[in-house]
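Each protein sequence line maps, in turn, to chains A and B. So the first sequence is numbered by the working numbering: it starts at 1 and just counts up by one. So the second sequence is numbered by the working numbering: it starts at 1 and just counts up by one.
Rather than coming from a laboratory, the hints here were simulated on the basis of the structure. Honestly, I wouldn't trust all of these hints.
Listed below are the simulated BS3-like cross-link pairs for lysine-lysine, each with C-alpha atoms no more than 25 Å apart in a straight line [unchecked claim]:
(1) 155/B / 181/B
(2) 185/A / 204/A
(3) 53/B / 185/A
(4) 53/B / 42/B
(5) 181/B / 185/A
(6) 189/A / 204/A
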Amino acid sequence: MTAAANADVAWRRRPRISVGRVLLYSFLVLTAALWIVPIAGAIFASFRPFHDTVQDGFFSWPKHLTLNNYQNAWAQGDILHKYWNTTLILVPSLLLTLFFSSMVAFVCSRFSWRFNILLLCVFTAGNLLPQQIIIQPLFQFYNRVPLPGWLSNSGKLNGSYWGLILIHVAFQSGFCTFVLSNYMKLLPKSLNDAARVDGASVWKQYWQIILPLTIPAMAALATLEFTWIYNDFFWAVVLEQQGADRPITSSLYNLGGEFFKDDNLIAAASMYVALPTLIVYIALQRYFISGLTIGTDKG
Amino acid sequence: MAGIPTVLHVTLIWIPTIVSIFLSFTSWRGIRFSELKWVGLKNYHQIFTVFQKNFYQALINNTVLLVFLFVFPTVLGMFIAILLDRDIRGTRIFQSVYYTPVVLSLAVVGFMWQSVIYSPANGLATQIFGHGGEINWLGNQSFLVSFGENYGISKNFVAILVAIAWRHTGYIMVLYLAGLKSVDNSLREAARLDGSNEWQTFRHVVFPSLKPINVIIAVVTVIEALRAFDIIFVLNTPRKTEVLSILTTNNLLGEGGGNVGRGSAYATILFMLCFGFVIWYVTSHYRRTQEGADT
Numbered sequence: 001m002t003a004a005a006n007a008d009v010a011w012r013r014r015p016r017i018s019v020g021r022v023l024l025y026s027f028l029v030l031t032a033a034l035w036i037v038p039i040a041g042a043i044f045a046s047f048r049p050f051h052d053t054v055q056d057g058f059f060s061w062p063k064h065l066t067l068n069n070y071q072n073a074w075a076q077g078d079i080l081h082k083y084w085n086t087t088l089i090l091v092p093s094l095l096l097t098l099f100f101s102s103m104v105a106f107v108c109s110r111f112s113w114r115f116n117i118l119l120l121c122v123f124t125a126g127n128l129l130p131q132q133i134i135i136q137p138l139f140q141f142y143n144r145v146p147l148p149g150w151l152s153n154s155g156k157l158n159g160s161y162w163g164l165i166l167i168h169v170a171f172q173s174g175f176c177t178f179v180l181s182n183y184m185k186l187l188p189k190s191l192n193d194a195a196r197v198d199g200a201s202v203w204k205q206y207w208q209i210i211l212p213l214t215i216p217a218m219a220a221l222a223t224l225e226f227t228w229i230y231n232d233f234f235w236a237v238v239l240e241q242q243g244a245d246r247p248i249t250s251s252l253y254n255l256g257g258e259f260f261k262d263d264n265l266i267a268a269a270s271m272y273v274a275l276p277t278l279i280v281y282i283a284l285q286r287y288f289i290s291g292l293t294i295g296t297d298k299g
Numbered sequence: 001m002a003g004i005p006t007v008l009h010v011t012l013i014w015i016p017t018i019v020s021i022f023l024s025f026t027s028w029r030g031i032r033f034s035e036l037k038w039v040g041l042k043n044y045h046q047i048f049t050v051f052q053k054n055f056y057q058a059l060i061n062n063t064v065l066l067v068f069l070f071v072f073p074t075v076l077g078m079f080i081a082i083l084l085d086r087d088i089r090g091t092r093i094f095q096s097v098y099y100t101p102v103v104l105s106l107a108v109v110g111f112m113w114q115s116v117i118y119s120p121a122n123g124l125a126t127q128i129f130g131h132g133g134e135i136n137w138l139g140n141q142s143f144l145v146s147f148g149e150n151y152g153i154s155k156n157f158v159a160i161l162v163a164i165a166w167r168h169t170g171y172i173m174v175l176y177l178a179g180l181k182s183v184d185n186s187l188r189e190a191a192r193l194d195g196s197n198e199w200q201t202f203r204h205v206v207f208p209s210l211k212p213i214n215v216i217i218a219v220v221t222v223i224e225a226l227r228a229f230d231i232i233f234v235l236n237t238p239r240k241t242e243v244l245s246i247l248t249t250n251n252l253l254g255e256g257g258g259n260v261g262r263g264s265a266y267a268t269i270l271f272m273l274c275f276g277f278v279i280w281y282v283t284s285h286y287r288r289t290q291e292g293a294d295t
């Protein structure tokens, strides 16, 4: 065992019960309870009929519990169709973002050429811009690019799935390039040299040698990007005017507006919206948290 | 290999940015190019005179948000991370609870705060503080703190700040938690053996070694405070809670829309504020890594 590991054990084995520990747990439990109140309130409301909460408030003993809200929201919100729209946009966006940014990161971090730092700066800074500076020219541009009918219901890039996919890929590849280039820089340079001696082409070095080694980073980024693209509503609200073609998050972002009239129905609908990200988060929590911190910790 | 991604990124991100800056010097309704007129600094002049009230209030709100994010969610997030980094039972569960708001979709977050918590008639906040009456949490524009006659921090903006803190704290916590995990424990142990107490250990040993994380958090916080948009937008932007991004969006896309020139001028101001900071961060980051690569 190394000294660090010994110290680690000593650090984590501290006195068991003390006033301090009781305070510590009380503080954590209390704040956690506060944090969970809005979520619990929404879940609770989704199982109650409208007149119950109107009469007694959101936090009151339930008189009836029901699944009606879920049935009604499913039908009125056309949820299945909206999930399908989301899938059509999310899957290509996610794959293309990871593919494109891994190529840029590979070129910039594994080779020394004149502009690699500049290129990384362009991508990193691009991801930190406010979306509002982009939207108007982008909208005008999309509105003037024709697409054949089988690619777009509107006959234009504006209002098509491809328009949304392209802007997601362009915007998100900034962050992914940043993270992946930090990660690839840590891989030993000798990998490339050895491959070159063996006569491997640049593409082969990327696809067969470097890419497999970045799988942990890719997995983390995939979980992060899943929630970011899924949760987007700004691009979709502006660039997809047909409510029926919108992905679920943006079509239901203003739940009180078009589709639903009572709060409990909205609660059930919002659970449908929340469910995919919650499932992904709970299933892939480990990747998720490491994804936020890649390139910031020592590994 | 980097060609297509770069072309895509530059075409859809940077060229529109430059076009927006150009449009900020024009008057245009966003339909026919023939109607586009060069007006010089007129849009900016209007923002600083006719629309002064909206603009300065938005600047105040962005600034208040920035200070608030540093004072409250950052400190609380760091504190929780320090607690969770110790030998805690169920640390995973605590982490999940604090972090869940970050992954939740805005549709859900908007509903939770608009109805479950802040519903004027039967929300939780009303049930607790209303004494049987109604409280219009998100509609109350009166100032809690006022700067002069026209400007201040409105009560409904404070209500929104609470929702923002709820969402932001978990993010900060996770970043610090990862940072703390990478601090060498033998350093802490050595400090403890030398007789320093927990606070001294944190202040002089742990905190300095968190520098990379602190930089990231500073960047995230400043950028998020400047381009803050979504929670305020899904709560239907009550009056007096506007921030710069909301003013931009309203001018570009709002009712009647078509105020492309002025909207672009707001966007350009927002961009300049972000960009100065971004340039500083990006160049210092890559200068550091470049030096690392050369030595």
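Problem - Hints breached by this structure - result: 1, 3
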